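Trainee: Under the numbering used here, the sequence shown has 532 at position 36, and the numbering climbs by one with no breaks.
No lab work stands behind these hints, which were simulated from the structure alone.
All values reported here derive from a predicted model rather than from experimental measurement.
Beta carbons: idealized from backbone N, C-alpha and C, even for Gly.
Some hints here could point you the wrong way.
Subject to a maximum C-alpha distance of 25 Å in a straight line, what follows is the list of computed DSS-like cross-link-like pairs (lysine-lysine) [said to hold, decoys possible]:
1) LYS508 / LYS563
2) LYS504 / LYS573
3) LYS573 / LYS546
4) LYS546 / LYS508
5) LYS563 / LYS514
6) LYS504 / LYS546
Simulated DEER-style distance windows between Cβ atoms [claimed, not checked]:
7) GLU557 / ASP512: 27 to 35 Å
8) LYS508 / ASP555: 24 to 32 Å
9) ASP512 / ASP556: 34 to 42 Å
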Amino acid sequence: MRSCYDGKSALKLAADFKPDVVLLDIGMPHMDGIEVCARLRAMPDLAHIKIIAQTGWGDDEMRQRTKEAGFDLHLVKPVNMHVMEDMLWLLRLGASKRPERAA
497 MRSCYDGKSA LKLAADFKPD VVLLDIGMPH MDGIEVCARL RAMPDLAHIK
547 IIAQTGWGDD EMRQRTKEAG FDLHLVKPVN MHVMEDMLWL LRLGASKRPE
597 RAA
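Using the sequences plus the hints, can you model the full thing?
Mentor: Right, here's the structure in full:
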């Protein structure tokens with residue numbers, strides 16, 4: 497796992513690290529998450545990765561913008577970690593059945 501705090505750094509880190517999944521905030525300095533996602537999708541080596549929006553904006557307009565930019569999921573903060581875990585499993589397994597989680 498790697499982390500960074502602005503859009504430009506996110507692009508460089510993703511190009512160097514080649515992640516399977518990117519958790520991307522929409523409101524970042526220098527370049528917002530919408531633009532970062534669109535740029536990641538345009539990079540042949542990274543076009544296949546799963547990109548999840550994590551944002552405080554959950555309105556229909558923002559959900560449409562993230563969809564158009566190429567995000568795979570749109571999660572609204574605060575994100576419940578069990579929900580995040582379930583979403584990652586669904587992305588990873590192509591929506592196949594996830595094993596039950598211990599209580």
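Trainee: The structure should be examined with respect to each hint, and the outcome stated for every one.
Mentor: Results of checking the hints against the structure:
For the given pair, LYS508 sits about 23 Å from LYS563 by alpha-carbon distance, which is consistent with the 25 Å threshold. Straight-line distance between C-alpha atoms of LYS504 and LYS573 comes to about 22 Å, which keeps the hinted pair within the 25 Å bound. Pair hint LYS573 plus LYS546 holds up; C-alpha atoms about 19 Å apart against a cutoff of 25 Å. The hinted pair formed by LYS546 and LYS508 meets the criterion: a straight-line CA distance of about 17 Å does not exceed 25 Å.
At most 25 Å may separate the alpha-carbon atoms for a hinted pair to count; LYS563 and LYS514 meet this at roughly 22 Å. Pair hint LYS504 plus LYS546 holds up; C-alpha atoms about 19 Å apart against a cutoff of 25 Å. The given range of 27 to 35 Å is respected by GLU557 and ASP512, whose C-beta atoms sit roughly 33 Å from each other. Checking the proposed 24 to 32 Å range against LYS508 and ASP555 shows it holds: the Cβ atoms sit about 31 Å from each other.
Taking the beta carbon of each, ASP512 and ASP556 are about 35 Å apart, inside 34 to 42 Å as hinted.
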